[in-house]
Amino acid sequence: MKTMINKVSVLTVLFLAFSFVATAQISKQKKANDDTEEWKYEIECVGIGKPGTKVIKVWSYSKNAKVATGQAKKNAVHGIIFQGYAGGGQGCTSQKPLANSPALEQEKAEFFKDFFADGGKYMKFVSTSGDAAPEVIGVKLKKYKYKVGVVVVVMSDNLRKDLEAAGIVRGLSSGF
Amino acid sequence: MKKVLLVCSLIILGTTLSFGQAKKPTLMVVPSDAWCIKNGYVMEFDNDGTVTKIPDYKKAMQENTDILLVISSINDMMAERGFPLKNLESAMKTLSSNAAEDNMRSSKESGAEVNESPIDALKKVAKADIIIQLTWTVNTTGPKKSITFILQGLDAYTDKQIAGANGTGAPSFSAEVPVLLKEAVTAHIDNFSASLQSHFDDMFANGREVIIRIQTWDSWDGDLESEDYGDDELGILIEDWMAANTVKGRFSTTDMTESMALFEQVRIPLFDEKGRAQDARRFASGLRKWLKEDPRLIESKLVMKGLGRATLILGEK
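Residue numbers (this note's numbering), protein chains in the order written: chain Y, 1 to 176; chain G, 177 to 493.
Keep in mind the hints are simulated off the structure, nothing from the lab. One should not assume that every hint holds.
Quick list of in silico lysine to aspartate or glutamate cross-link-like pairs, EDC-like style, CA-CA up to 16 Å [said to hold, decoys possible]:
#, chain 1, residue 1, chain 2, residue 2
1, Y, Lys-161, G, Glu-256
2, G, Lys-493, G, Asp-408
3, G, Lys-493, G, Glu-475
4, Y, Lys-66, Y, Glu-135
5, Y, Lys-96, Y, Asp-157
6, Y, Lys-50, G, Asp-252
7, G, Lys-262, G, Asp-305
8, Y, Lys-50, G, Glu-256
9, Y, Lys-143, Y, Glu-105
Here are the in silico distance ranges between beta carbons for each label pair [as the list claims (entries may be wrong)]:
#, chain 1, residue 1, chain 2, residue 2, range
10, Y, Ala-133, G, Thr-313, 34 to 42 Å
11, Y, Ser-94, G, Ser-350, 20 to 28 Å
12, Y, Gly-88, G, Asp-335, 30 to 38 Å
13, G, Ser-435, Y, Phe-82, 50 to 58 Å
14, Y, Ala-165, G, Thr-228, 43 to 51 Å
15, Y, Gly-89, G, Lys-336, 31 to 39 Å
16, G, Leu-478, Y, Ala-117, 51 to 59 Å
17, G, Pro-319, Y, Phe-82, 39 to 47 Å
18, Y, Glu-42, G, Ala-275, 56 to 64 Å
19, Y, Pro-102, G, Asp-209, 35 to 43 Å
20, Y, Phe-82, G, Ala-419, 37 to 45 Å
21, G, Phe-380, Y, Gly-88, 39 to 47 Å
22, G, Asp-242, Y, Ser-94, 56 to 64 Å
The beta-carbon is built from N, C-alpha and C at its ideal position, and this holds for glycine as well.
Build out the structure end to end from the sequences listed, making use of the hints.
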């Protein structure tokens, strides 16, 4: 009987520990998603890629460097759609966002909720560049420990075409 | 009943599809005068003692492969955005082959030749509604090379720059000029098409911007200052018509004399009252019909230039 109780106790502790870790992970991921929506990331151009692509470095913030690294792709696509970026070295020119209107994110909130869901369609238009390892910098900011820079390639032409087909942004030939 | 509904739906769909599209402007990439002169692709002629240089596009196309690469890259990228461009080289070839065909053509019965007025001959040039003017310079600092690249979208009728992108690429020790040029096009085309998109958005919201000119034949006994056509001078009556028929009454009277008037920044609706796509010619045709009505009874000739410019010459056809 005593052995049985011990076994149950160990299992309960393991279950609670697992639940705690999983909840913490979900909570960190949720925080990272909130940060994306609140524009808590930075984008810089790192070079001219192949036609139809954008090679950018995304700086994401988190308490957990792994979460920030994982969030980089989502932040990159979010930034290309809503933010654009300033020019820089390596022949980079400033890029306007794909969104024609500043209020687009609110106007099409339902679409973007699904689009940017974890593992959502945004994944189709972005890949990490194999050339550089993520750059992790410790920061002393409230709620954040790390600033992680990841170089990603966004298939901006395909992304634009997809948004045009879904009626989210207007294409050049719309209305003609 | 279902069949009736289906037929009605098809009719409505067909009507929407045929009348729901605005007239699409044509675009063409053309090297700038500055680029042509700098690279020696010019024709010189004596204009009353002043040597005038005009760009020789044909020579540029035949001798410079860089320009072909850049034009082809821009054409590709714009076609990929659903907006294929007219190709300058093809347009010039079509013009010359059309001219050769017209010269040889005669009717089967009487051997009559094709009519061509001096104005028709003058109009036979490669043209587009929006000209994408292209300039680049190769900058050299020691062994390093970089490209300064300028793209300008110019409205052929209003002379306004409606889109643009420019900048200097990263200097390179090893890259060849064509590679740098291709990179420059890739770097700038998104911004260029974004500014072109803003122009089209503005056009859909506020109407197409056109220029309307009024002129008079010297055989006409009336003038624009005459009060014989209503309760005010004819020029003022025409302005009233413009105010009533433009989008939000937007137009500027740039010039008005007894014999001519020039209206710029005229915002015309993209569709007429029947839902058909409208350009400057159709809009000016409305003014022509109004002038012909009682009590004005003024006959006029309507002359067009592309989507964005129309001239009415009052007095006769």
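Here is how each hint holds up against the structure:
The suggested pairing of Y/Lys-161 with G/Glu-256 holds, with an alpha-carbon distance near 9 Å, which does not exceed 16 Å. Taken as a hint, the G/Lys-493 and G/Asp-408 pair is broken in the structure, with Cα atoms around 25 Å apart against an allowance of 16 Å. Restraint check for G/Lys-493 and G/Glu-475: the C-alpha separation of about 7 Å stays at or below 16 Å, so the hint holds. Proposed proximity of Y/Lys-66 and Y/Glu-135 is supported: the alpha carbons are some 11 Å apart, at most 16 Å.
Only pairs whose Cα atoms come within 16 Å are accepted, and Y/Lys-96 paired with Y/Asp-157 is accepted, the gap being roughly 13 Å. The straight-line distance between the Cα atoms of Y/Lys-50 and G/Asp-252 is roughly 14 Å, inside the 16 Å bound, and the hint therefore holds. Between G/Lys-262 and G/Asp-305 the alpha-carbon distance is near 10 Å, which keeps this suggested pair within the 16 Å criterion. Restraint check: the Cα-Cα separation between Y/Lys-50 and G/Glu-256 comes to about 14 Å, which is no more than 16 Å; the hinted pair holds.
Only pairs whose Cα atoms come within 16 Å are accepted, and Y/Lys-143 paired with Y/Glu-105 is rejected, the gap being roughly 25 Å. The supplied range of 34 to 42 Å is met by Y/Ala-133 and G/Thr-313, whose beta-carbon atoms lie about 39 Å from each other. The hinted range of 20 to 28 Å is satisfied by Y/Ser-94 and G/Ser-350, whose Cβ atoms lie roughly 26 Å apart. At about 34 Å, the beta-carbon gap between Y/Gly-88 and G/Asp-335 stays in the expected band of 30 to 38 Å.
The supplied range of 50 to 58 Å is met by G/Ser-435 and Y/Phe-82, whose beta-carbon atoms lie about 55 Å from each other. The beta-carbon spacing between Y/Ala-165 and G/Thr-228, approximately 50 Å, falls within the hinted interval of 43 to 51 Å. The beta-carbon spacing between Y/Gly-89 and G/Lys-336, approximately 33 Å, falls within the hinted interval of 31 to 39 Å. The hinted window of 51 to 59 Å between G/Leu-478 and Y/Ala-117 holds, with their beta carbons roughly 57 Å apart.
Evaluation of the 39 to 47 Å hint for G/Pro-319 and Y/Phe-82 yields a pass: the beta carbon distance comes to about 41 Å. Between Y/Glu-42 and G/Ala-275 the beta carbon distance is about 58 Å. The supplied range of 56 to 64 Å therefore holds. Remark: the range hint 35 to 43 Å for Y/Pro-102 to G/Asp-209 is upheld by a beta-carbon distance near 38 Å. Roughly 40 Å separates the CB atoms of Y/Phe-82 and G/Ala-419, a value that falls within the hinted 37 to 45 Å.
Checked against the hint of 39 to 47 Å, the pair G/Phe-380 and Y/Gly-88 fails, with Cβ atoms roughly 34 Å apart. Against the hinted window of 56 to 64 Å, the Cβ-Cβ separation of G/Asp-242 and Y/Ser-94 comes to about 25 Å, which falls outside the hint.
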